[in-house]
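Go by the hints and put chains B and C onto chain A.
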Amino acid sequence: MEILKPVFYLLIFPGFLFTGVLGLFFTWVDRKVTARIQSRIGPPWYQCYADIGKLLYKQVIIPSGSNRLSFITAPLIGLAGISVAGGVIWMVNIGKSTSFVGDLIVVMYLLVLPSLALIIGGAASRNPFSSVGASREMTMLFAYELPFILVIFTAVIKTKSIMFEDIITYQLQNGVMVASASGIIASIVFFICMLAKLCYLPFDIPEAESEIIGGTLAEYSGALLAIFKLTNAMMLLVLPLFLITLFLGGIDVSSVKGVLFLTFKYLVILTLIILVKSTHPRLRIDQAFKFFLGPVTGLAIISVILTMLGV
Amino acid sequence: MNISPLLLVIIPLVSAPLAWILKRGLREWFSVAVTLCVLILSAFLLPGITREPLHYDLFNITDNIIITVNLDLLAMVIITLISFSGFLATLYSTRYMTQSRSLGRYYFLLLLFIGAMNGTVLSGDLFSMFVLWEVMTVAAFFLVIFDNAVDSIKAGIKYFVMSEMGALFMLIAIIAIYFQEGTADMATLASRGITVSSTFGHILLLFFLLGTGVKAGIIPIHTWLPDAHPAAPSPVSALLSGVMIKVGIYLMIRIFCHIFFPALSWQFILCAVGSASIIIGVMMAIKQIDAKRLLAYHSVSQIGYIVLGIGTGVSVGLAGGLFHLINHALFKGLLFLSIGAVIHRIRSRSLSDYGGLARTMPITFITCSIAALSISGVPPFNGFVSKWMIYQGLVQRFTMDGSPFTVVWLAAAMFGSALTLASFVKLIYATFLTVPEKAHDVKEVSAAMWIPMVIMAGLCITFGVLAWQVPLKFFVLPAVPGVSFSGYWQPGLATLLLIIAFVAGGIIFVAGRLKKVVVSTPFVGGEEFETEMGISPEGFYNTVKNIEIFKAIYHQAEKKRFDIYHTSKNIGVNICNALSDIHTGVLPRYIVWVLAGLAILLLWISFVGF
Amino acid sequence: MFSILEKCFKKSIWVYHTNASACNGCDIEIINALTPFYDAERFGIKLVGTPRHADALLVTGAVSRQVCPRLKTLYESVPEPKLVFAIGSCATGGGIWFDSYNIVGGVDKVIPVNFYIPGCPPRPEAILFGVAVALGLLDKKVAAEYLKEKGFPELIKQEQQTTINE
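Protein chains in written order, with this note's numbering: chain A, 1 to 311; chain B, 1001 to 1610; chain C, 2001 to 2166.
Just chain A, same shape as in the assembly (with noise of 0.2 Å):
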């Protein structure tokens, strides 16, 4: 019976039902404001539900000689990977004194599971498009793993520990870590390759939906597309969430209080996400790389050098 409580966890509190729901609603909130900002109505609070409702009635089509296992399983495996990162980052902030599954490297290699997930979904479709998509979801991938690997060093080198726990209590005793100059470049850092593994404007390449065709989504339709859906909506809430525990203090539910700042600190980031995605048009493939492995390495590293330095 102690087996059950893990799967509870994953399964309905904070993991994959929880957190869908939650995701939806936000990327409802996502096409609201979006919306409010280019002068018009938008959607009602209940059309991201009815989008994947509608997309769970339709037919799924699968191409004639694509590998069916690897269509299938796809985007099976994308959403495997996010539902358990975000269970563990929500497991870990809300009982303080116990590891959920893993730690800080677990985290950061389930994430790369969705993208991972996308790519062989695009592979494994016979079309061209989709294999343009994939070669460039993982040109991207190849990109911004520098830059986020770095900037999640700058709290380990603070708190020398890997474990989830210890950076959040290392917060809650010497203060955020964003209050540090170097803090503040890295969350910038982290912020920008967040975008990017959301594939949100402006990079949001691998979807480009003017340019190929929808790109590693092009031949899905159906259920497997609601799965990618709800995998995308799960990432909207886990990544910034991942974001608050490393360098905004971690979560706490203990009180309203707590929930109520959590609240904010959230609205905080998605509404920056959503400013950032109505004012910049879609980046071509190789200035995003250049971006990528030019200036956000370089803020980067000097965050990593100012953390050295302690300040």
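Hints are computed from structural coordinates only; laboratory data are not their basis.
In this text the structure is predicted, and so the values were computed from the model without any measurement.
There are no misleading hints in this set.
Here are the simulated lysine-lysine pairs, DSS-like style, with alpha carbons at most 25 Å apart:
#1 2046/C x 229/A
#2 229/A x 32/A
#3 229/A x 2007/C
#4 277/A x 265/A
#5 2010/C x 32/A
#6 1551/B x 290/A
#7 2011/C x 2046/C
#8 2082/C x 2011/C
#9 32/A x 277/A
#10 2109/C x 2072/C
#11 1154/B x 1559/B
#12 2082/C x 229/A
#13 2082/C x 2007/C
#14 1569/B x 1559/B
#15 229/A x 2011/C
#16 1560/B x 1287/B
#17 2046/C x 2010/C
#18 277/A x 290/A
#19 1287/B x 1551/B
#20 2046/C x 2007/C
#21 2011/C x 32/A
#22 2046/C x 2072/C
#23 2082/C x 2010/C
#24 2046/C x 32/A
#25 290/A x 1287/B
#26 2046/C x 277/A
#27 2010/C x 229/A
#28 277/A x 229/A
#29 265/A x 32/A
#30 32/A x 2007/C
#31 1569/B x 1154/B
#32 1559/B x 1287/B
#33 2082/C x 2109/C
#34 1287/B x 1154/B
#35 1560/B x 1154/B
Only part of the chain C face toward chain A is listed, based on derived beta-carbon distances under 8 Å:
#36 2041
#37 2042
#38 2044
Positions of the beta carbon are idealized from the N, C-alpha and C atoms, including for glycine.
Leaving out everything else, chains B and C in the frame of chain A:
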């Protein structure tokens, strides 16, 4: 005197000539039986060695040079690995090598190779180890040039020359140690613990690093690896990449961790060399379109991880390096065997000739994907656990010394993992997932070939999911004392959760199948779908290749400016050409040389004296 | 449970726009309908880039011979359940070109059409009205009777008297 460890060496060496003279059908099964015997013997010895290590003398050559056998858990683990991979490779060869002639020579060399590797690891003193090291090198040379093609012979000669140069350095170091300490027995040297403070000690360590490094394949002495491993037949490549490299690492562990006191400057050099190998190996691998050359560059990269683990100087890092050694033998062997299966059917090593094999060779596809995910370090497979331990070693080292270089090594290691994933996505896409029309008349390989692959894939999964129960408990943690983990990873629970989330997604998929699932041609903007559409393997990373810095480096690498063998060959040849200009063949010129030399000699004697 | 999903279908329609030899007038009006001024997103309508993601096909233009097979492929690429809207007079029945040598004449000769939105080009409000009718949000406007009854009662009486006299 316990004879059973010696049987591990004697049985293959004695059976090797027998395998040559046996008849065709009998020969293969005889070799398989021999390797199976060796595997069972090592499995029997393993629990005993866990309780107490074996160390005894064989016979004396002089008073001080004694041939000893030293079998502690580290050596036993590697011997088990060698026997296991040897057995699977021999089983695989029975079906893979059916088209070649002169198979007697092949099985003779294979058994000799396995016996020599076992002997190298088993020997307890430096001289006998060196002799068996040379036997191993020679056997590997003849195996590399087995198919007698021009490229294979060139690759084999390059491997042999570089290996012998390294062995020469190592011999000088061994003789120097013998003269300084008076004994060549590794256990005695380890208990004395030689300190490395003087220049002599540093030069000794440098020579040992060169000697073992050539065999292991670290930067910059790795250049024989990308030529020799593709040239050999696939089961031999699996053995070369999987186990022979590890014998070099084994000796490196003995020298740097047991015999010499851990000198901090050498830990730094090991970490630097390891990180450089990781990044350079993977960056070169991304560009390759020859499948086996790609895998050979990845061997260079993963050896970098192991050397990095050794160089951390922390127990958990060393344990991580040892576990990565075991894991790498498993998944690199599996990769070479599955690509060998593809080569066996398609008869080409180039990625452009492959495509769409997932439908016709499903077992190969699944095992190759498992190996690719393991080598990239995706949880919950085994590669992730060993890399996780190496990262913890680096973090603990950073806690101790706070040097900024440790951050650089850690960043290089994690970035290398992402690049490894990139390279294997390209390999899996080009081989299995594109253009299935090319693969219509290809069938799956026969049972003797896919059974080893399935066994290795099963072990990859088991070592990953049951990491705490099986490999760490039995193989790694007893061999390395004092390991303390600073991270948290529960692979069993994680796998269970991943499977549950996977099933939940599957339920969503099934719930959505209200109307029937249809198959139809892919949509390409309404045009007719041509079969050759799709991005090619050369073009997969065009964006990366065309960045100016990378373009310049790749261009120089194409011209082999970075290849030590090639560059020293060119320098040597140029010097000799310049010197040979002196021998003009004109007699008066020679008389001038003689008279000038005589004049200088007379002046020297008259003004300086004898 | 399925009825919930059916209701979801009406609330979120993703459209794919295709041009089957149109003069681009209707295309411009469709794009107008998707701009912030007319705001199609409040109905849940989104423009997608591939027919695999689409629920509704918006077809404009009188269908020419070359486009014909591609239009069929496109229709088969859209997963069930699907709607086809023929936008503009050319799509409805060929428009002015209905008897031209290279025009098949109307989208319904190639693929089954669910809703017609005539006009040359139809205003964006008309396009949105058509889509709202399709979604069941509004009732269909039956224009002809209404207009006839509204104006010119004397003329109608005169016509009726002429028929009675004959």
